[in-house]
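These protein sequences, in sequence, are chains A and B. Heads up: the first sequence is residues 1 to 232, going by my numbering. Heads up: the second sequence is residues 1 to 363, going by my numbering.
Don't read these hints as lab results, they were simulated from the structure. Worth double-checking, as some hints may not be accurate.
Here's a subset of chain B near chain A, in silico, CB distances under 10 Å, partners left out [claimed, not checked]:
| # | residue |
| --- | --- |
| 1 | V244 |
| 2 | P266 |
| 3 | D297 |
| 4 | G326 |
| 5 | H339 |
| 6 | K346 |
A virtual CB, placed ideally from N, CA and C, is assigned to each residue, including glycine.
The residues making up each chain are set out below.
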Amino acid sequence: MLQNSLAADPNRDLKSIYVYAAPVRIWHWVMTAAMIVLVTTGLLIAYPPPAVGGEASEHFLFGYIRFAHFTAGYVLAISWLVRVYWAIVGNDYTRQLFLVPVWSRAWWSEFGNDLKTYAFLPSAKPLRYAGHNPMAQLAMFFMATLGSFFMIITGFAMYSEGAGRGSWQDKLFGWVIPLFGQSQDVHTWHHLCMWLIVMFTIVHLYMVVRQEITTKESILSTMIGGYRSFKD
Amino acid sequence: METFYEVLRRQGITRRSFVKFCSLTATSLGLGSYFTPQIARALETKPRTPVLWMHGLECTCCSESFIRSAHPLAKDVVLSMLSLDYDDTLMASAGHQAQAILDEITTKYKGNYILAVEGNPPLNEDGMYCITGGKPFVEELKRVAKDAKAIIAWGSCASWGCVQAAKPNPTRAVPINKVITDKPIIKVPGCPPIAEVMTAVVTYMLTFDRLPELDRQGRPKMFYGQRIHDKCYRRPHFDAGQFVESWDDEGARKGYCLYKVGCKGPTTYNACSTVRWNDGVSFPIQSGHGCIGCSEDGFWDKGSFYDRVTGIKQFGIEANADKIGGTVAGVTAAAVAVHAGVTALKRAKVDHGTGIPKDGSAK
Ligand code: HEM
Ligand code: HEM
Ligand code: SF4
Ligand code: SF4
Numbered sequence: 001m002l003q004n005s006l007a008a009d010p011n012r013d014l015k016s017i018y019v020y021a022a023p024v025r026i027w028h029w030v031m032t033a034a035m036i037v038l039v040t041t042g043l044l045i046a047y048p049p050p051a052v053g054g055e056a057s058e059h060f061l062f063g064y065i066r067f068a069h070f071t072a073g074y075v076l077a078i079s080w081l082v083r084v085y086w087a088i089v090g091n092d093y094t095r096q097l098f099l100v101p102v103w104s105r106a107w108w109s110e111f112g113n114d115l116k117t118y119a120f121l122p123s124a125k126p127l128r129y130a131g132h133n134p135m136a137q138l139a140m141f142f143m144a145t146l147g148s149f150f151m152i153i154t155g156f157a158m159y160s161e162g163a164g165r166g167s168w169q170d171k172l173f174g175w176v177i178p179l180f181g182q183s184q185d186v187h188t189w190h191h192l193c194m195w196l197i198v199m200f201t202i203v204h205l206y207m208v209v210r211q212e213i214t215t216k217e218s219i220l221s222t223m224i225g226g227y228r229s230f231k232d
Numbered sequence: 001m002e003t004f005y006e007v008l009r010r011q012g013i014t015r016r017s018f019v020k021f022c023s024l025t026a027t028s029l030g031l032g033s034y035f036t037p038q039i040a041r042a043l044e045t046k047p048r049t050p051v052l053w054m055h056g057l058e059c060t061c062c063s064e065s066f067i068r069s070a071h072p073l074a075k076d077v078v079l080s081m082l083s084l085d086y087d088d089t090l091m092a093s094a095g096h097q098a099q100a101i102l103d104e105i106t107t108k109y110k111g112n113y114i115l116a117v118e119g120n121p122p123l124n125e126d127g128m129y130c131i132t133g134g135k136p137f138v139e140e141l142k143r144v145a146k147d148a149k150a151i152i153a154w155g156s157c158a159s160w161g162c163v164q165a166a167k168p169n170p171t172r173a174v175p176i177n178k179v180i181t182d183k184p185i186i187k188v189p190g191c192p193p194i195a196e197v198m199t200a201v202v203t204y205m206l207t208f209d210r211l212p213e214l215d216r217q218g219r220p221k222m223f224y225g226q227r228i229h230d231k232c233y234r235r236p237h238f239d240a241g242q243f244v245e246s247w248d249d250e251g252a253r254k255g256y257c258l259y260k261v262g263c264k265g266p267t268t269y270n271a272c273s274t275v276r277w278n279d280g281v282s283f284p285i286q287s288g289h290g291c292i293g294c295s296e297d298g299f300w301d302k303g304s305f306y307d308r309v310t311g312i313k314q315f316g317i318e319a320n321a322d323k324i325g326g327t328v329a330g331v332t333a334a335a336v337a338v339h340a341g342v343t344a345l346k347r348a349k350v351d352h353g354t355g356i357p358k359d360g361s362a363k
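Throw the hints in and build the complete structure from the sequences for me.
Pasting the structure below:
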């Protein structure tokens, strides 16, 4: 599927198309929930709440915060594993997050058209997409996919330091720490990349709301029921 | 060729002290009593291995730490009396005499001596920022390293670069593994490293005639396998969420965790929280100050010692992840708001019944 827009395929039924199968929809909402927990607890790890009083043995506050972060981290990692698997067995749209057809001229020309559309230029053609438009696809690839992978890799690298030398986390991800220099650098980059994901989410939510209001294509219901429908 | 034991006896060390030393060494290496006779046997039968200790750009804090080893036998016996053949700051001879020893050992024990390096070579101006014996240190280092059996990098200078390699590093000081690439190097980082760790590493190499097990970054696993944080006695306060917020608060008096005032224990690999310093008396966290991460790569360039979230030098200005990330997210939100505004304006101009813009132009 080199060309994303539906204009290239006039024979298709343009009433509704099944885009997101159940595993993709479940993955999306599980991942969203995990991200909310991860950003909240991640910031609490960086800026812990005011000290609790009493004996240390009476509390495990920071322990629970970190536990929640690590649990959500596992959920995020596993949900992405499922998503990668689904990109192999699922429909064409499932691969959009992982394969950006930068070699395709048609793709680039539609990308240019997207830029014009969002810059409100009158020369933009109103194209329709069942999956993602090239601009969305590129942003998702770099910020959501690679961003999540980066968080998972650096997250598990830091986790391996607590799990200890010889743990599977250490064997799989321990090499990341010398790659960045030292552990403190991994913390810094893990923290910085959180903002990339926050930034993506802001734009993502805006795009969803915008498309919901201004176009005749379904969007929110697509990620709930799976069908992209066109109201004309 | 004399054995270690023969040299010891010649120096007037009793058999009893010798066995004590062996069990002490076994313990500090975490080997257990089973290894005591093995160490003793090795020292009795093996010919001694000479150790050359060279100094590059450094402050001598490693030597200072070393000579304060809690176990005098360890340092005196293993190095001063028995094996340390050359150390320009500790040896009696100087000048040409000292240089002669260096030449003698490197030829007589070719391929059979251990080279310990304190400090590091500066490379700018052909190495002229550090001259020893009339030659740039970097040349001397390469020459002596060529025929060494193994090389020990003492301290953070030799291991990572430390303060003289901190930005902007005017002399271009580099860790020794940048100029010695064909030999095993054991890194014993710290500014300085703990004396007991230093003696234990040398003893291990002399007795077992092999390198201690190293981690990915070339540090002996037995001393650098865990972070300060993993064995810190304030850890229960960390897990409970009890932190010192400022140096004079109630938490500081109660000995709460120093995480929020920048303790680098969670990111620092060293043995301070177990071996401690000065005969096991204390270590920085025990005296109320956070770990500054002195045994980690580039610890001078990681921002303030008192910040939890440290700066990012790559961005040139003084900024941390939140200043950069927060700004980017803020700008994004503002851009989104503007875009939403323009979208709303455009829509207001469109007749919703027909979808045709009110001014008649294309959509
Ligand atoms: C999008 C997902 C994630 C976000 C937004 C996030 C956010 C954060 C933040 C802001 C910090 C504090 C960093 C600092 O300044 O020191 C942190 C620490 C950490 N994160 Fe994540 N994280 C994410 C995913 C993960 C994953 C998948 C794991 C893997 C289990 C993980 C494990 C950790 C660990 C081990 C720490 C260090 C905790 C400590 O030092 O006590 N994170 N995270
Ligand atoms: C409450 C918050 C969220 C809402 C309401 C939401 C909504 C949606 C909707 C409606 C779609 C379908 C887009 C389309 O059909 O073109 C979608 C897709 C997507 N969302 Fe979200 N989203 C949220 C949070 C997130 C977060 C936090 C992330 C990750 C950082 C994320 C990543 C994605 C990705 C990668 C896709 C594409 C899915 C695919 O192609 O398989 N979303 N989202
Ligand atoms: S004082 Fe430092 S090393 Fe000790 S528990 Fe707190 S953060 Fe960890
Ligand atoms: S506590 Fe940290 S800063 Fe202090 S000596 Fe040990 S490793 Fe270095």
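**Q.** Hint check, H339 of chain B versus chain A [nearest Cβ-Cβ separation less than 10 Å]
**A.** With Cβ-Cβ at 7 Å, under 10 Å, it holds.
Q) Holds or violated: is the Cβ of G326 of chain B closer than 10 Å to a Cβ in chain A? A) 7 Å, holds
Q) Given K346 of chain B was flagged as interface, is its beta-carbon under 10 Å from a beta-carbon of chain A? A) 6 Å, holds
Q | Satisfaction of the V244 of chain B interface hint, Cβ to chain A closer than 10 Å | A | 8 Å, holds
Q: Hold the hint about P266 of chain B up to the distance rule: shortest CB distance to chain A must be less than 10 Å.
A: 7 Å, holds
Q. Once the shortest beta carbon distance from D297 of chain B to chain A is found, is it less than 10 Å?
A. 5 Å, holds
Every hint, counting from the list given before, is met by this structure.
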